[in-house]
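There are 4 protein chains.
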Amino acid sequence: MNANLNPSEQRSLAAIQECSFVVNAGMLWREGTEAKFLDSIQDGSLPKEAFDRWLVQDYLFAKGLTTFQAIAAARAPRSTQKVLIAGLGAMDAELEWFERLASERSLDLDVPHHQTCQRYVDYLIAAAYTQPSEVLVAILFGVEVAYLSGWSALEASGPYAEFVTRWSTEHFLAYVHQLHDACVLHPHQRQQDQFNEVLRHERDFWIMTYEG
Amino acid sequence: MNANLNPSEQRSLAAIQECSFVVNAGMLWREGTEAKFLDSIQDGSLPKEAFDRWLVQDYLFAKGLTTFQAIAAARAPRSTQKVLIAGLGAMDAELEWFERLASERSLDLDVPHHQTCQRYVDYLIAAAYTQPSEVLVAILFGVEVAYLSGWSALEASGPYAEFVTRWSTEHFLAYVHQLHDACVLHPHQRQQDQFNEVLRHERDFWIMTYEG
Amino acid sequence: MNANLNPSEQRSLAAIQECSFVVNAGMLWREGTEAKFLDSIQDGSLPKEAFDRWLVQDYLFAKGLTTFQAIAAARAPRSTQKVLIAGLGAMDAELEWFERLASERSLDLDVPHHQTCQRYVDYLIAAAYTQPSEVLVAILFGVEVAYLSGWSALEASGPYAEFVTRWSTEHFLAYVHQLHDACVLHPHQRQQDQFNEVLRHERDFWIMTYEG
Amino acid sequence: MNANLNPSEQRSLAAIQECSFVVNAGMLWREGTEAKFLDSIQDGSLPKEAFDRWLVQDYLFAKGLTTFQAIAAARAPRSTQKVLIAGLGAMDAELEWFERLASERSLDLDVPHHQTCQRYVDYLIAAAYTQPSEVLVAILFGVEVAYLSGWSALEASGPYAEFVTRWSTEHFLAYVHQLHDACVLHPHQRQQDQFNEVLRHERDFWIMTYEG
Chain F
127 MNANLNPSEQ RSLAAIQECS FVVNAGMLWR EGTEAKFLDS IQDGSLPKEA
177 FDRWLVQDYL FAKGLTTFQA IAAARAPRST QKVLIAGLGA MDAELEWFER
227 LASERSLDLD VPHHQTCQRY VDYLIAAAYT QPSEVLVAIL FGVEVAYLSG
277 WSALEASGPY AEFVTRWSTE HFLAYVHQLH DACVLHPHQR QQDQFNEVLR
327 HERDFWIMTY EG
Chain S
127 MNANLNPSEQ RSLAAIQECS FVVNAGMLWR EGTEAKFLDS IQDGSLPKEA
177 FDRWLVQDYL FAKGLTTFQA IAAARAPRST QKVLIAGLGA MDAELEWFER
227 LASERSLDLD VPHHQTCQRY VDYLIAAAYT QPSEVLVAIL FGVEVAYLSG
277 WSALEASGPY AEFVTRWSTE HFLAYVHQLH DACVLHPHQR QQDQFNEVLR
327 HERDFWIMTY EG
Chain W
127 MNANLNPSEQ RSLAAIQECS FVVNAGMLWR EGTEAKFLDS IQDGSLPKEA
177 FDRWLVQDYL FAKGLTTFQA IAAARAPRST QKVLIAGLGA MDAELEWFER
227 LASERSLDLD VPHHQTCQRY VDYLIAAAYT QPSEVLVAIL FGVEVAYLSG
277 WSALEASGPY AEFVTRWSTE HFLAYVHQLH DACVLHPHQR QQDQFNEVLR
327 HERDFWIMTY EG
Chain D
127 MNANLNPSEQ RSLAAIQECS FVVNAGMLWR EGTEAKFLDS IQDGSLPKEA
177 FDRWLVQDYL FAKGLTTFQA IAAARAPRST QKVLIAGLGA MDAELEWFER
227 LASERSLDLD VPHHQTCQRY VDYLIAAAYT QPSEVLVAIL FGVEVAYLSG
277 WSALEASGPY AEFVTRWSTE HFLAYVHQLH DACVLHPHQR QQDQFNEVLR
327 HERDFWIMTY EG
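From first to last, the protein sequence lines are chains F, S, W and D.
Heads up: the first sequence begins at 127 in our numbering, then just goes up one per residue.
Heads up: the second sequence begins at 127 in our numbering, then just goes up one per residue.
Heads up: the third sequence begins at 127 in our numbering, then just goes up one per residue.
Heads up: the fourth sequence begins at 127 in our numbering, then just goes up one per residue.
A few of these clues could be false.
Pairs of lysine to aspartate or glutamate, EDC-like flavour, derived with a Cα cap of 20 angstroms [stated by the list, open to error]:
{"hint": "1", "chain 1": "S", "residue 1": "K208", "chain 2": "F", "residue 2": "E220"}
{"hint": "2", "chain 1": "D", "residue 1": "K162", "chain 2": "D", "residue 2": "E337"}
{"hint": "3", "chain 1": "F", "residue 1": "K208", "chain 2": "S", "residue 2": "D319"}
{"hint": "4", "chain 1": "D", "residue 1": "K208", "chain 2": "W", "residue 2": "E225"}
FYI, nobody ran anything at the bench for these hints, they're computed from the structure.
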């Protein structure tokens, strides 16, 4: 249980984790949201090398996700644009935060994508241009609900408390709920399929961050 | 002279109106920024019918511009993304403002585009997908600097003061400067040509708002 | 009546000209398929200047249409791809034919689009990226059935016989029928609306070729 | 040595296999063009199951490649369009050939992509919309020169002779040379990098066809 969220928020988190997308994903849900990397963040055993790899590759992923969200915003109906545009603002702030962090740690962000990261980004960009607008929102919901769940399962303490806190806020929780609402408002038969595909990429990404 | 801007801001406005894009546009600059519609806003003689037409068609234009900006943000280098994403947030707020206004006036926003508006939007969408990223920023700069100049030449008084004020703020002025900076940082030989094309569309749009 | 088509082909032409798209277009059908330019081709009175303008601007239009068709082919279901890819092959041959003709007449093809041509191309490119796949086929059908009808109403004689012949062949007729079949196989409520929009652009284009 | 090609064609094949793209790819060239699957085609030991998997997944890949080529044709300069449009015609014929073959063998083509195939297609579609036009031609050249080399190294005999023959023709060889010419005519610093990326995907694809 994450101490950043109050009881009401905890219930809201539990509710989103019981939505039909998550339930229908079956085993993939745990595979995409639990990881040795996260366990090692929690118990403080994470090698510096793994953390640095995560930071750089997650930045490269976040750049790809920003492109995805911009295309999705361009193709969305008016009723879905607000949440997508707000999300773009959040991504821009997140990219800046990564850039500052990398600078403080003297990490070079101008490096090749790990092939696992590249596959995830290729998937997102290809989807952005070719999947129906309703499916794009389900993809983004999958990305964000998995991230929220992965991090908010940790306690915000120890050397990586800042990171746990960042992705277990009530604001992030509210954003994830808004994305879910947008999926429900504009359903599409291919949403679940692509939600699952996101979880496969999340699973592979977490493995890559820990194992290289 | 617009009373919303203090002397320092007036100088900043004058400076942007003397940039090379504006100078090289020649006659098109005045044609795209001065209009009977604006004169009639100022002297209070604008027929309600013209104002309502403007409000509806400018909303439809703004929706198209939002799509343009989202595609431009997707295709921009990291250094240009911040201003484009901030601009998307502003457009979302502007669309909401139009929707509230239309609701108050019982205006239907779900109507066909006037052909002049349609041509402008077609131009923007076609450009968004096919012009180089550097040119897209020049197009957006053209749209915004023309709008800023058109409205901030008016005094914020009379029945339409709210509208004059809206597009003569220091924030809008700062945004236009940032767009200009982005053009200068990433130059492209086709920027001027498309800046001029924007002014032609602005000219035609203003004529349409007044004449129908 | 066009002497290039035998009686059976004449009936086939008449049939396509009575399809529901044409009928529902009302007055726009005549406006988009009859033109002073074509009348003057027929009676031999066309000024050389108008012919040259048509040749250059129709080439620039054809380049834009080729881009449109390529995007449409990328976004089409498998069942519609064959006719769209065949059409791309035909467009490539047509562009070459224009290039040869322009070379023979010492016409420069690297000139700006006339604004009427630019509007038509902007419309096509914007549609290619944003309209549903089913609507794109209706747009292409509109372009081609209008061209077929305009030219095949002329007799293939006089100084411009080669041009009349080019767009009144049984192959072109068969292609237009295949496009119509694809529209009927994959209907969409916005098809008629965009079919009509094409006819408006055709009307304006013909006027531009004659009047400049 | 492939008996389908005469001595002059053999020299032409050897020449393209010594181009700088191939040389600079180093080990990746062999990895992307030699495969147990191809060896087993040659010696007749290929399990029916592997052949069927290849046929279905190669069809799904070919559909993705067709989309890639259509976007590339849309974004290409006029001088490169001819070869890209001709290639689209060839792909359409190839898709039909696969469909006939699958029908004869009662294979269902409407199945999910193997994840290795999906990654390759995601890569192609993402590239089609985001890489410079010059790089797209290098990607297509990579796909086709690897396929030509892989198959034309085999003798066209045994149960799979039809397949060996299909991709070792003088026409295919000429097409590959035209693509190479287009790369050389419009160079770009990222061409080699993406040529290499194609070979990695080819390598993984061949492994998947054999191993499942």
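Outcome of the hint check:
1. K208/S / E220/F: holds (11 angstroms)
2. K162/D / E337/D: The hint holds at about 9 angstroms.
3. K208/F / D319/S: violated (33 angstroms)
4. K208/D / E225/W: holds (13 angstroms)
In this structure, only the earlier hint numbered 3 is contradicted, and the remaining ones agree with it.
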